[in-house]
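Asker: Residues per chain, in single letters:
Protein chains: 2
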Amino acid sequence: MCDQLRWDYLSCAGHPTLNTPNIDALAARGVRFTRAYVQSPVCGASRMSFYTGRYVQSHGAVWNGIPLKIGEMTIGDYLRPLGVRTALVGKTHMRADVEGMQRLGIDPNSIIGVRVQECGFDPYERDDGLHAVGPDGRYDPHEPRYNRYLNDMGYAGANPWHAWANAAAGEGNRLASGWAMRNAGKPARVAERDAETPYMTRRAMDFMREAADAPWCLHLSYIKPHWPYIAAPPYHAIYTARDVLPVVRSLDERVDPHPIYREFMDLKVSQTFARDEVRATVIPAYMGLIKQIDDQLGVLFDFMRERGLFENTMIVFTSDHGDYLGDHWLGEKDLFHDPSVKVPLIVYDPSLEADQTRGTVCEALVEAIDLVPTFLDAVGEDWRQQSHRLEGRSLLAWLRGKSPATWRHFAISEYNYAFLPVAQKLGIAPRDASLFMITDRRWKYIHAPGFRPLLYDLEADPCELRDLGAAPAYEEERRRLADALARWGLRSAQRTTRSEAAILAAHGKSERRGILIGVWEEEELPGELWSEYLGKDEPR
Amino acid sequence: MCDQLRWDYLSCAGHPTLNTPNIDALAARGVRFTRAYVQSPVCGASRMSFYTGRYVQSHGAVWNGIPLKIGEMTIGDYLRPLGVRTALVGKTHMRADVEGMQRLGIDPNSIIGVRVQECGFDPYERDDGLHAVGPDGRYDPHEPRYNRYLNDMGYAGANPWHAWANAAAGEGNRLASGWAMRNAGKPARVAERDAETPYMTRRAMDFMREAADAPWCLHLSYIKPHWPYIAAPPYHAIYTARDVLPVVRSLDERVDPHPIYREFMDLKVSQTFARDEVRATVIPAYMGLIKQIDDQLGVLFDFMRERGLFENTMIVFTSDHGDYLGDHWLGEKDLFHDPSVKVPLIVYDPSLEADQTRGTVCEALVEAIDLVPTFLDAVGEDWRQQSHRLEGRSLLAWLRGKSPATWRHFAISEYNYAFLPVAQKLGIAPRDASLFMITDRRWKYIHAPGFRPLLYDLEADPCELRDLGAAPAYEEERRRLADALARWGLRSAQRTTRSEAAILAAHGKSERRGILIGVWEEEELPGELWSEYLGKDEPR
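In order, the protein sequence lines correspond to chains R and Z.
Going letter by letter, the first sequence gives residues 31 to 570 in our numbering.
Going letter by letter, the second sequence gives residues 31 to 570 in our numbering.
In short, the hints are calculated from the structure, not lab data.
Among these hints, one or two may not hold up.
Note: identical chains are not told apart, hence a pair may lie in one copy or across any two.
[Said to hold, decoys possible] Straight line, CA to CA, 30 Å or less: simulated DSBU-like cross-link-like pairs of lysine-lysine:
{"id": "1", "residue 1": "K432", "residue 2": "K321"}
{"id": "2", "residue 1": "K298", "residue 2": "K539"}
{"id": "3", "residue 1": "K321", "residue 2": "K298"}
{"id": "4", "residue 1": "K539", "residue 2": "K455"}
{"id": "5", "residue 1": "K298", "residue 2": "K455"}
Looking at chain R on its own, in the form it has when it is part of the complex (with noise of 0.2 Å):
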């Protein structure tokens, strides 16, 4: 998994001037989804239905920073009774409900307790690749490895990720800030070899040599092409403003928009991408890191092919989010157009039935939360026996050539916009700040409470620049789609102990556990229901 990845930024994804052959290479042995969304476009909201394989509005971590409550079952849950060693490589941006785990007497230092902390899997090298620093000290509490590593290698200080890794070379060798997106150009201040990407891709091979021949999942979670916009050498220069794809954006986007669409356009971070000087400096230093991935990849691709486990590994390659980069007015993610909410994922599967779709690409409407799922099947356990929690579908049918007979007919997103100066400037409560985005291939439509519709035509415009959802000619089709997603509402998500089979295996038990309901006389029922059980006491 990369981090605020868009789809559109791989070469086989189109992108004319990024070119990205290792990515491409395990696109040409396995499948591309082309209609792949996550459940919310931020890191910690998305990432918590990728390891639940549940809706946000199901898990409840709908931001940053909220804790996944405690009870909420992860990757690790499913797969470790599986005798799957389900383990963790880079970021998760998972916050653990401490006072879920308090109440509950569960200790954090425990076994359970740790992986209860890192979404069910045990933290091989857990570093969510965030560690700034401020004037109220540091934004993640957790002291990387890499930092040490950083040190190891003659990178000094106390937070050499800040310092070195993801600060520039200005000049003099001066430290330039990885912050101020200026500076997007220039080199960061490590090495290649000792920059994030390269470090977490030595970190999987080191795991993959220790799991050897037992069965395993590893989440190898890159934080990068995710800010600060910092690359190492020769990354920071690969790309230049040549290699900068138009903005997609129109004038009439900003004419008289949807108010919350009008408060995101406002936001500091998508007024400084709108200027052309930043989009040239940023989106190459973005391309850079992407590269980096990829060559990256290669290194691990070639370290997987040596060892074999090429024949017997399924790989999945995707992203939490996109990145708008200044498209439609906007920085950073959060909102719902394709560049923020659609995501890579290409996933090669190593078995024969696969071979039919090498290749291929497969326009079906994807979602992270099919993942679960999907490891679940490939490891040969019915995921609809979990059906009760897992709110996803696997995608092993489509992998194998075997379209399903029943697939969805919308894909769900959600953001609440709490977090955000957006919700305070509109006078919005955290709990009414939602926002939920339902298409189903031809429409995209969000559902802000409090506010109008938003619509898209994503046929008539591809690109999202008319905002139909106040235009009366459409009002059918926004009732048909308010009406899908209030029928999404409606859906049991929380019914999560007993599972559909144990419910219909439950039927007439509790009447041979002596629970006679309705019964005028005993004769009615069959005579085993009464005379064993009754009037074997003598009165007194």
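Given the structure of chain R, go ahead and fit chain Z onto it with the hints provided.
Answerer: Structure of chain Z alone, referenced to chain R:
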């Protein structure tokens, strides 16, 4: 709390032949709520809403026997940290999430484990009150202390609950099963003082003696007037067929009914209760059991008065759902007519501020989930700080004569019919077998996914005899109520780990920990965010 007590089977609620002077006296000292709805008209789901303060769709324990998932906070989790001992005498119908406890390493015999298994209560006297036995063994694996008590009193056998307390004395004092309703008019085989209601009342007094002056919350939870409809003498004979109210039903209800309603009318218990002799036999016993509760509450209130407890103790009288008793051609509960979904709710508030409302009725829409917030409010805790978990609202303002500035416009109740033969006969999977009721005082709308809705006009048709769910003239009302239900379905109910206040307080915090988004050059931001934390490390 009573079990299966209809809202209208109290003399203070207008019942013309049933006399409940002690409950009436409580109403005369408190407020009687005339529109109190349970969150589901079935024991387990309803109680989990009472105890969690959350809708069924939120807590997920959709029916009897569906474990409340680990992590859901219950009444004890709210009250105990405030120094309030929170205890149980009687029934909860809780099924513990044993699998979840194992997954998180929670010892079921630890204090935390015991409380988790009892909805947060300390089980002073746990007794779910259904100790039936059949060819597959006992319905409830917990052996109740009550059975040992009965043995001590001389009632022989392994399960005197079954053979004595809930069996009738037939001819020659032979056992006549309490499960055969034709025996409902016969006396129980136990003496009155040994019946469940007086026993539990004494246990409640034991608790109050023990608890002494430290703050406490006691859930005294009677199993009666729930079936088996067997009353100890003299209560089996206080009422007769002459005291039974006319059945509330119409032949029109059987003409082309809603498919789900039709299947409920087709259930054995409904067919049985459709017979006049059944009602004439069962309802007097049902009324006798209520009369016994009223007498026992008289004993309890005297005890409390003597100890000065009326000075400082809030008393809530309610039920977990009602009983059709043949109305609408139905038996049991389960659907959403008032006899099933509306409950008695009387709240006595000892405070001086409540003096002005004593003996009044309140017609506001209230829900079972309002009790936990009310209790928090009563002990001086700001329940709104828990609004990210609690979905109910404190009733204290109503009790103290201060109409809240805003109040809910709708009450919601839910039911899953997968556990009855209804779903199988209609070919509906458990997850799709949900029903949702939404009422706004004037209208009651029932959403049945996969079917047309039901609609009742409570003003024109207070007995709910005319289903307008298919009537063209009411399309607009249905749309309005469906939209309100859809808004409810999209509420935020799972973000339980961060309060509204905590989210608002977090604004700007990440910036002061070095996360600087959308900055072009350092000069844009105050120096304190930069100078001290950047550039400290010298270049190599």
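Asker: So, for every hint listed, does it hold in this structure?
Answerer: Checked hints:
Taking the shortest alpha-carbon separations for K432 and K321, neither the intra-copy value of 34 Å nor the inter-copy value of 65 Å comes in at or below 30 Å. When the C-alpha separation of K298 and K539 is checked against a cutoff of 30 Å, the pair qualifies only between copies, where the shortest distance is 16 Å, while the shortest distance within a copy is 62 Å. In this homomeric assembly, K321 and K298 come within 30 Å of each other (Cα to Cα) only inside a single copy, at 28 Å, whereas the closest approach across copies is 69 Å. Taking the shortest alpha-carbon separations for K539 and K455, only the inter-copy value of 18 Å comes in at or below 30 Å, while the best intra-copy value is 56 Å.
With identical chains, the CA atoms of K298 and K455 are at most 30 Å apart within one copy only, with a shortest distance of 14 Å there and 59 Å across copies.
Of the numbered hints listed earlier, the single one contradicted by the structure is hint 1.
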